[in-house]
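*Asks:* Could you slot chain B onto chain A? The hints should help.
First to last, the sequence lines map onto chains A and B.
First residue of the first sequence: 454, per my numbering; consecutive thereafter.
First residue of the second sequence: 647, per my numbering; consecutive thereafter.
Honestly, the hints are just simulated from the structure, not real lab data.
Some clues are possibly wrong.
Claimed, not checked - Label pairs and their computed distance ranges (CB to CB):
| hint | chain 1 | residue 1 | chain 2 | residue 2 | range |
| --- | --- | --- | --- | --- | --- |
| 1 | A | 485 | B | 676 | 15 to 25 angstroms |
| 2 | B | 857 | A | 540 | 51 to 61 angstroms |
| 3 | B | 1115 | A | 537 | 26 to 36 angstroms |
| 4 | A | 467 | B | 684 | 18 to 28 angstroms |
| 5 | A | 495 | B | 890 | 35 to 45 angstroms |
| 6 | B | 857 | A | 537 | 53 to 63 angstroms |
Said to hold, decoys possible - Pairs of lysine-lysine residues, derived as BS3-like cross-links and limited to a Cα-Cα distance of at most 30 angstroms, are as follows:
| hint | chain 1 | residue 1 | chain 2 | residue 2 |
| --- | --- | --- | --- | --- |
| 7 | A | 499 | B | 691 |
| 8 | B | 691 | B | 1045 |
| 9 | A | 499 | B | 923 |
| 10 | B | 782 | B | 1045 |
| 11 | A | 583 | B | 691 |
Predicted, not measured: the structure shown is a model, and the values here were computed from it.
The beta carbon of each residue, even a glycine, is placed where N, CA and C say it ideally should be.
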Amino acid sequence: MTTSLLMLVVGSMLGNFMTIQRAAARQVSRSELTDQLRLTMDRITKDVRQATSVHPASSSSYLEFDTFIDGSEHRVAYDGSSGTTVTRSLDGATPITLLERLQTTAIFTYAPDVTDASVITVTLIAKPDKFEEDGSDVTLTSEVRRRNR
Amino acid sequence: MTVFSRILRSSRDETGVAMIIAVVLSSVIATLGVLMLATATHTDKATARGRHRTQALHVAESGIEQALARIQAAQGSLASTSFSGDTELGDYDVTITRLPRNTYEIESVGGVRRGRVLGAERRIKVTLQPPLTFDKALFSYTTVETKNNDIINGDVWGNHSVILALGTQVYGSAVAAAGYIDIGSTSIVDGELWSGGYNPDGGYAIRIRSTAQVGSDIKASVQNVGCSGSDNSNYKIRLDSGVIVGGDATTWGPLVEGSGIQGATYLNTCTQSPPTKSLPTFTFAPSNYDSVTYFGTPTSSSLTATTEFRNHILGLGNRISGTFYINQADPVSQSTRIDLTNTVITGDTTIITNTPIFTNGTTDETSDATLTLISTYDPPASSSCDVNDDASECSMHIKNNLSISGTTAVALYAPYGPVAIKNNAEQFGAIFADSIQIKNNQTLTYDDRVARIVGFGEVTYEVTRWEELPG
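This is chain A alone, in the form it adopts within the complex (with noise of 0.2 angstroms):
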C-alpha cells in the first residue's frame, strides 16, 4: 500500500522533474542565443557608431560602409539578406558567421536616408537552437548614432 501511495508521488513529481528539466533547457537554449545576438549586436555598433561613410548599395538587409578599427580605416559588410545568418566581411574578404537561425531580412533602417545616415537602428531576431517549435524568438534592438559624420 505505502509503496503504491510512494509510485504515485514518484510519478507525479517525476512529470513535474520532466516539466521542470525541459524548462531549464530552454533557458539554456534561449540564454545561449541572447549571448549570440548581444555580442553580434555589440559588434556591429561598435562599428557603426565610428563610420565615416555609408556606401549606396546599403539596404535593410545588406550594410556596407567605411569605418575606423584599431586607428585605421577599413570597409566591413554586414549582410543578413539569406535571412538565416548575419555575416561579416572585412575589406571584401571571405565574410565570416556572426549569427545563426536569423529569422528576418529587416535588420537595418536608416535616418534620414541610406546615403546620408545619421541613426542606423539594428535589430536582430533569431530563433533558439532548441525547442523552435515554441515560436519563442529572440529580439535584439539598438539605435546608433554615427559620431563620424
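*Replies:* Below, chain B alone, put in the same frame as chain A:
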C-alpha cells in the same frame, strides 16, 4: 513460521524506502536548481558585463565633452593637458594634445568598476579641426576666367560663369552654377562640366571650342524648377570641330555642331542646376593664433598700418612667418596696399588686412607650411580689376613668379573683390574670391593642407574623426 513466510514478511518490510526516495528526489531537484541557478547567474553576469561596457563608453564620452568644454572655455587656445574626472557611473582619464594648425586630439578612457569583477573600460579618441571650407582649387562667388595655358589641378566653381580660354588644362570638374561654361581651343577638362545658365550672346549654355577635350559628362541645366518658363533655345551645347567629350551630354536645349560625344546624348531634357554657394565666412579671433602682430587693431585702424608692416618685414630681412593683422585707416586703396614684393615665407603665415594685397616674386623656404592671405578690401563700385594693370582695383594682385613650392600651401581669400594672377605663378592651395582672373602659364594645384583653416566657417572647431581604440 516457515522460511517462505519469513522471506515474504521481510520483503514487505518498507522501513527506509521513503528516505531513499526522498534522497533521490532531493538530489534531482537540487541538480535542477543548481542548473537553473547557473543559467540565471550567467545571464545576470552577461547583462552586467554588457551594461558596464555601454556605461564605460558613455563615461568616456563624458570625458570628451569635458575636454570640449575646456577648449571652448579657453576660446580654442588650450595647451596640451591631462585631467581625470568621474560621473555617477564611473571615472575617466582624458589627455588633450594640441597639434599644429589648430588641431586637437582628445583621448578619453572611461571605466566602470575598474579593477573589480565585471569591470569595463573603453578608450575613444576624437580629433577636432576647423571646419572644411577650402574644398576646391578655385571658387568664385561670380566668375572664373583663365587665359593662356594655365593648369589647374583641382575643381573649379563659379556661381556665375566659368571661362577657360586657350590651352587651359583643368584636372578636375568645372561648374558654373548659374551661368555658362566656355572652354577655349585645345583646352582640357578631365572631369565633368555642369552649367546652370547661359550666355546671352548666342544662347549657349556650354561651348567647347575646337580640339578641346572633356573627359566626363557635360550637362546644361536650368535654374527654374521643372525648367518652366525657360526658353530651351538658350541652353544650347555647342561643340566645335575636333572636340571630344568622353561622357554623356545632357541639355535642356539642342546640340549644335556636335559629333565628338562618346557617350549618350539627351536633348531637350530638363535637369536642375546646382544651387549657388556662399563664400565661407571669416571671423578673426586672436585666441585662434599662437600670437598676432598688430598694425592698427581690429577696433582701431591706423593711418600708417601698411607702411609700418612693410618696414617691419623689411626689418626681418623680408623673411616672415606668424600672424599679422593690418587695419589701415581710410582712405584704403591700391596705394596703401600690403606689398609682399620679394618676401620669403619661412613658416606658417597668416596675413589679415582690410587693404589690397600685392605680391611680386614672393617665394618660400619651408619644409611644411601654409600661407593664408585674407583681404577684405572692397573695391569702389565703379572700378574694375584688370589682370594686366597692377594698379587696377583688384583685392589681390599675385604677379611675376609667385613661386611657392609644394612645401607651402597657399590659401587666398578675398570675399569682396577680384583676385588677379599672372605670369608664371606656381601655387599649391586654393583661391576663394568674389571673382578670379588668371593669365599666362599659371599652375595651381589644390592642396588639402588649406582645406581647414581656423576662423573660416560657422564654427571654430568640429569633430573630424571619432574612433574607438583597443582597450
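*Asks:* List in ascending order the numbers of the hints, as given earlier, that are violated by the structure.
*Replies:* 5, 8 and 9
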